[in-house]
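Those protein sequence lines, which keep their order, are chains L and S. For the first sequence, the numbering used here gives the first residue as 1, with consecutive numbering after it. For the second sequence, the numbering used here gives the first residue as 1, with consecutive numbering after it.
Accuracy of the hints is not assured; some may be wrong.
As the list claims (entries may be wrong) - Which residues of chain L face chain S? A few of them, derived with a C-beta cut under 7 Å, are: (1) 21; (2) 22; (3) 193; (4) 197; (5) 203; (6) 207.
Claimed, not checked - With a straight-line cut-off of 27 Å between C-alpha atoms, the simulated DSSO-like cross-links for lysine-lysine are: (7) S/87 / L/213; (8) L/241 / S/95; (9) L/148 / S/66; (10) L/64 / L/235; (11) L/176 / L/93.
It is worth saying that the hints were derived from the structure and are not from the lab. Backbone N, C-alpha and C define an ideal beta-carbon position, used for all residues, glycine too.
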Amino acid sequence: MTAAATDIRLCTRCVLPSTFPGISFDAAGLCSMCQDAPPVPEFEKIRGELRSRLEAVFDANRGKAEYDVVVAFSGGKDSSYTLMTLTRKYGLKCLAVTIDNGFIAEQAQKNLRAVTSSLGIDFMLFTPAPVFMNNLYKTSATQQVHTKAALTRASSMCNSCINLINNHMVKLAIEKSVPIIAGGYIGGQVPKDSVIMQMDLDVQARFRSEAIKRYLKNFGPDAEGYFGMNEEMVKRSPLRKINIVNPMLAFGVSEDQIIEEISELGWRKTADTGSNSTNCLLNDLGIAVHYKQHQFNPYVNEIAEQVRTGLMSREEAIHKVQDIPDFSRVERQARAIGLDWNEV
Amino acid sequence: MKNSDLATDTRGMDGQMDEKIRQYLAETLLIEFGDAPGATSEDENLFESGLIDSFGFVQLVSFLEKTFDIKISDDEVMSDSLSTYAKIRSFVEAKVA
Chain L
1 MTAAATDIRL
11 CTRCVLPSTF
21 PGISFDAAGL
31 CSMCQDAPPV
41 PEFEKIRGEL
51 RSRLEAVFDA
61 NRGKAEYDVV
71 VAFSGGKDSS
81 YTLMTLTRKY
91 GLKCLAVTID
101 NGFIAEQAQK
111 NLRAVTSSLG
121 IDFMLFTPAP
131 VFMNNLYKTS
141 ATQQVHTKAA
151 LTRASSMCNS
161 CINLINNHMV
171 KLAIEKSVPI
181 IAGGYIGGQV
191 PKDSVIMQMD
201 LDVQARFRSE
211 AIKRYLKNFG
221 PDAEGYFGMN
231 EEMVKRSPLR
241 KINIVNPMLA
251 FGVSEDQIIE
261 EISELGWRKT
271 ADTGSNSTNC
281 LLNDLGIAVH
291 YKQHQFNPYV
301 NEIAEQVRTG
311 LMSREEAIHK
321 VQDIPDFSRV
331 ERQARAIGLD
341 WNEV
Chain S
1 MKNSDLATDT
11 RGMDGQMDEK
21 IRQYLAETLL
31 IEFGDAPGAT
41 SEDENLFESG
51 LIDSFGFVQL
61 VSFLEKTFDI
71 KISDDEVMSD
81 SLSTYAKIRS
91 FVEAKVA
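Let's have the full structure, built from the sequences with the hints guiding it.
If you want it as structure tokens, here you go:
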């Protein structure tokens with residue numbers, strides 16, 4: 001573990017550090033996000049309202065297509081919990097879709113099968129070419145690919161992977177006319193307004209055209225296949241809007257509760273994915289690179305949000321955000337994607 | 001200033017409106033305007049420059065609707081009205097007028 005620099009100040013309520021972009025502190029050491037946040041008990045009321053809105057979206061779209069929801073399923077704890085809740089509590093017909101980035105831990109691969117098998121749902125695995133993915137990760141670690149705001153929510157490597165996954169989910173939803181896409185993102189990983197977002201396919205096409213230029217420039221011509229879309233298919237689709245939902249933002253469950261509940265499905269915690277991931281072997285490398293470049297843990301926003309909303313203790317949060325892997329811990333992963341630490 | 005302080009009636013207060021939009025773009029989307037090296041100009045296309053992605057755009061629309069009590073239609077979202085800081089400011093001014 002690399003000790004966090006002693007001159008970095010942490011918020012006295014959550015754990016956001018003074019190195020976090022756009023943050024300021026009041027005289028009591030409270031960060032600007034905590035100054036805006038309601039007290040912990042208020043969050044359950046907010047989550048209750050969000051759950052009602054989610055239920056309305058589910059009720060309005062249930063039974064309209066082959067599947068009700070395409071779920072971006074990493075095999076990690078949050079997407080496993082999302083899949084379980086949508087299937088069992090809300091009775092939605094889910095299609096679980098996993099992108100195999102080449103770095104899914106062995107236990108996480110077992111979890112993919114165990115969870116989908118226990119829930120009795122269909123499961124699709126898509127494996128992009130490893131040569132493309134390795135280049136994507138290496139380039140993301142060494143070039144400026146994403147907006148500054150995106151880098152407050154995840155490392156550059158994770159952002160690239162997430163965007164590829166999101167595009168694949170949209171593609172599948174359009175192909176199969178599925179009206180809802182669900183992610184397992186929790187507070188801090190996505191903007192606060194992301195519990196339910198109606199994505200207009202025409203608006204999305206506009207952003208895609210800008211984003212694709214950036215991806216082609218950074219990741220090469222094959223990026224078109226992973227980040228692009230058959231625009232004719234989009235035009236022909238009877239869907240004009242897709243509901244993108246992130247139900248975890250409305251559930252209000254702690255990590256311990258999540259793990260306890262999904263254990264019943266045969267899900268087991270990984271031992272080789274670091275303290276902030278339950279599926280990806282590359283995650284620690286992403287954290288190490290991000291910390292070297294930006295001097296804050298890319299998970300700090302989500303961890304701080306968990307503290308702010310009463311779902312994680314500050315002590316546990318401090319432990320997690322200060323667990324910055326040093327290079328010896330991620331050397332093997334760096335080698336796997338051809339990354340020279342000096343290039344970072 | 002806290003974000004909660006922003007949710008006040010801003011009609012007819014162009015200076016404050018300007019400041020609120022600028023502050024939001026700086027604090028939430030981390031876009032700094034000005035003449036300093038690396039700063040963004042008011043007429044720079046925020047999408048083409050890679051300063052706002054689709055998440056950022058959803059956040060921006062939500063912020064403008066809530067803060068200035070306006071409704072932004074799908075057609076307006078699809079138009080070029082929110083592509084630069086100068087256009088965002090003019091758009092909001094026209095909406096609240």
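Status of each hint after checking the structure:
At about 5 Å, the closest approach between the beta carbon of residue 21 of chain L and any beta carbon in chain S falls short of 7 Å, and the interface hint on this residue holds. With its C-beta approaching chain S no nearer than about 5 Å, residue 22 of chain L sits inside the 7 Å limit, and its interface hint holds. Below 7 Å, beta-carbon pairs count as interface contacts, and residue 193 of chain L has one with chain S at about 5 Å; its hint therefore holds. Residue-level restraint check for residue 197 of chain L holds (minimum Cβ-Cβ distance to chain S is 6 Å; threshold 7 Å).
A cut of 7 Å between beta carbons decides the hint on residue 203 of chain L: the least distance to chain S is about 6 Å, and the hint holds. Hint status for residue 207 of chain L relative to chain S: holds, with the closest Cβ pair at about 4 Å, below 7 Å. Distance check on the hinted pair: residue 87 of chain S and residue 213 of chain L sit about 23 Å apart at the alpha-carbon level, within 27 Å; holds. For a cut-off of 27 Å, the pair hint linking residue 241 of chain L to residue 95 of chain S stands: about 25 Å separates their Cα positions.
Restraint check for residue 148 of chain L and residue 66 of chain S: the C-alpha separation of about 23 Å stays at or below 27 Å, so the hint holds. A distance of roughly 20 Å separates the Cα atoms of residue 64 of chain L and residue 235 of chain L; the hinted pair therefore holds under the 27 Å criterion. Using a Cα cut-off of 27 Å, the hinted pair residue 176 of chain L and residue 93 of chain L holds, with the two alpha carbons roughly 13 Å apart.
Checked against the numbered hints given earlier, this structure breaks none of them.
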